[in-house]
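**Q** Can you build the whole structure from these sequences, using the hints too?
Chains as they are written, first to last, in the working numbering: chain A, 1 to 242; chain B, 1 to 242.
Incorrect hints may appear among the rest.
Just the calculated beta-carbon pair ranges, DEER-fashion [stated by the list, open to error]:
id, chain 1, residue 1, chain 2, residue 2, range
1, B, SER82, A, GLY40, 48 to 54 Å
2, A, GLY187, B, LYS133, 27 to 33 Å
3, B, PHE189, A, ARG169, 36 to 42 Å
4, A, ARG117, B, LYS162, 41 to 47 Å
5, A, GLN41, B, ILE138, 48 to 54 Å
6, B, HIS39, A, LYS130, 56 to 62 Å
7, B, GLU110, A, GLN41, 55 to 61 Å
Some chain A residues judged to face chain B by a derived CB distance under 7 Å, without partners named [unchecked claim]:
id, residue
8, SER66
9, ASP154
10, GLY156
11, LEU168
12, LEU193
13, SER197
14, SER204
15, ALA205
16, ARG208
17, ALA211
18, ASP213
19, ARG225
20, MET233
Lysine-lysine pairs mimicking DSBU-like chemistry, simulated, CA-CA at most 35 Å apart [said to hold, decoys possible]:
id, chain 1, residue 1, chain 2, residue 2
21, A, LYS162, B, LYS162
22, B, LYS186, A, LYS133
23, A, LYS188, B, LYS118
24, B, LYS162, B, LYS38
By construction, these hints were calculated from the structure, which means they are not laboratory data.
Note that CB positions come from ideal geometry on N, CA and C, so glycine has one too.
Chain residues, written in single-letter form:
There are 2 protein chains.
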Amino acid sequence: MATQASGTKDLKKKRVGGGARPRADLPAQDEYSTEFNKHGQKLGEKGRRTREALTNAARQLLRESSPLDLSAVAISRQAEVSSASFYMYFNSVRDMLYQMNEAISEEIAELVPFLTRKWDDEDPAADALKFVKKFQEIWSQHREVLMFRNMEADLGNPQFDKLWRATLRPLVARIGDKIKEQAQTKGKFISVLDSRSRAVVLTSALERIAACDVRVINEELGMDRVQNSLADMIVKAIYCVE
Amino acid sequence: MATQASGTKDLKKKRVGGGARPRADLPAQDEYSTEFNKHGQKLGEKGRRTREALTNAARQLLRESSPLDLSAVAISRQAEVSSASFYMYFNSVRDMLYQMNEAISEEIAELVPFLTRKWDDEDPAADALKFVKKFQEIWSQHREVLMFRNMEADLGNPQFDKLWRATLRPLVARIGDKIKEQAQTKGKFISVLDSRSRAVVLTSALERIAACDVRVINEELGMDRVQNSLADMIVKAIYCVE
Chain A
1 MATQASGTKD LKKKRVGGGA RPRADLPAQD EYSTEFNKHG QKLGEKGRRT REALTNAARQ
61 LLRESSPLDL SAVAISRQAE VSSASFYMYF NSVRDMLYQM NEAISEEIAE LVPFLTRKWD
121 DEDPAADALK FVKKFQEIWS QHREVLMFRN MEADLGNPQF DKLWRATLRP LVARIGDKIK
181 EQAQTKGKFI SVLDSRSRAV VLTSALERIA ACDVRVINEE LGMDRVQNSL ADMIVKAIYC
241 VE
Chain B
1 MATQASGTKD LKKKRVGGGA RPRADLPAQD EYSTEFNKHG QKLGEKGRRT REALTNAARQ
61 LLRESSPLDL SAVAISRQAE VSSASFYMYF NSVRDMLYQM NEAISEEIAE LVPFLTRKWD
121 DEDPAADALK FVKKFQEIWS QHREVLMFRN MEADLGNPQF DKLWRATLRP LVARIGDKIK
181 EQAQTKGKFI SVLDSRSRAV VLTSALERIA ACDVRVINEE LGMDRVQNSL ADMIVKAIYC
241 VE
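**A** Take a look at the structure:
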């Protein structure tokens, strides 16, 4: 039965040494394309629409229920297409979510200019806040899909892990550069690894807060306050040199 | 079939307004007990052993595979007991993981003294590091179970959300107190909400890093370095008053 490919019932396959299963159901990197289906046919207008209906259906299901409940059958039913159609575009639910995350990584790359531009020394918190808001905006648009990426990465799925690291690395490097530069300005030396390690603490706070239910943050402290605290923390990491 | 109760196949039940399903399969708060089974019988030595075999089996499965693959049948098989035995102790897989997380919350409460004791003004980073190490130690012992808690909380499951907030709240309050106190020492005022909001940024960084695969952190930057950066960030949040 086609649902088996979703991998939700296959208890015998274990993740050993970082995950055996994902290697089996995800194709090699260069096989990916949103331009071609799994038979190598170039997508026409109809193909693109069907593929989009499927990814939209997956987003909808992830918003309404848990990733534990996601299957190719459920996604196809929601998109009102056949399961066979699903497998024209994706090898599995994981494959689909990987492709969706690849597209989101391109949006995350648009955060880099927020970090490479020179920040206002008089009010760096204002520049930090712009970065924080843009980061949270991308997450709020793709929250469930990004949560799936992080869960898979954290559980040792090598493809998702690689994608997560590759996506965060430019942000960590640019924040690390700012930390290093400001230390130098004040006559202090900080190693590249130490500056990146401090940057990772900041991106970790950003990711954890972005994964939280917005309703909960608003009930407890308010999103504006938390975003300002994130910006404050980034500024302290860069400008408080002991 | 008994597996249905694990909730992994029930695609029709949707989480609306913060999750309808969990209310159905989790008993009222005061029903919980590790002293009694679901028939109200007090656990004897054999009952305690069976219950422990089941929770150990769940931990084992979560370490080896994904929460997407967890079911009452799989856990019972791993523990070498019948599925009927599983339902003597737990209403569902979620119920089991909720009970496991309740027990872990008591361990997390042991972090409070690390924050209430006075920190060495000459070297607060040493005290902050002790807290960071203890926090990460608890997470590394229960990582998969705590990741499940956070995933359920983030997806709007009200019981897990409540447990997560109740567990973190004392830590956030104590870190907030330190931030507020230090600001006062330097003649600055910071509101309780602002100080707690900054504390949340810190616990968020701690949680996100604790959820990461340790192998990945060691490959990228090294756990010691990242723990020191977390301690450094906590110290900056408390002691850098602008």
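**Q** Now tell me if each hint is right for this structure.
**A** The hints, checked one at a time:
1. SER82(B) with GLY40(A): 48 to 54 Å: Because 49 Å falls inside the window, the suggested range holds.
2. GLY187(A) with LYS133(B): 27 to 33 Å: 31 Å, holds
3. PHE189(B) with ARG169(A): 36 to 42 Å: Because 39 Å falls inside the window, the suggested range holds.
4. ARG117(A) with LYS162(B): 41 to 47 Å: 42 Å, holds
5. GLN41(A) with ILE138(B): 48 to 54 Å: 52 Å, holds
6. HIS39(B) with LYS130(A): 56 to 62 Å: 59 Å, holds
7. GLU110(B) with GLN41(A): 55 to 61 Å: 60 Å, holds
8. SER66: 6 Å, holds
9. ASP154: Holds, because the Cβ-Cβ distance from ASP154(A) to chain B comes to roughly 5 Å (cut-off 7 Å).
10. GLY156: At 6 Å from the nearest chain B Cβ, GLY156(A) passes the 7 Å test, so the hint holds.
11. LEU168: Hint on LEU168(A): violated, closest Cβ of chain B at ~10 Å, above 7 Å.
12. LEU193: 6 Å, holds
13. SER197: Hint holds; SER197(A) Cβ to chain B Cβ min 4 Å, cut 7 Å.
14. SER204: Interface hint status for SER204(A): holds (4 Å vs cutoff 7 Å).
15. ALA205: 4 Å, holds
16. ARG208: 4 Å, holds
17. ALA211: 5 Å, holds
18. ASP213: 6 Å, holds
19. ARG225: Result: holds, 5 Å to nearest chain B Cβ.
20. MET233: 5 Å, holds
21. LYS162(A) with LYS162(B): 33 Å, holds
22. LYS186(B) with LYS133(A): 30 Å, holds
23. LYS188(A) with LYS118(B): 29 Å, holds
24. LYS162(B) with LYS38(B): Holds: LYS162(B) and LYS38(B) sit about 23 Å apart, inside 35 Å.
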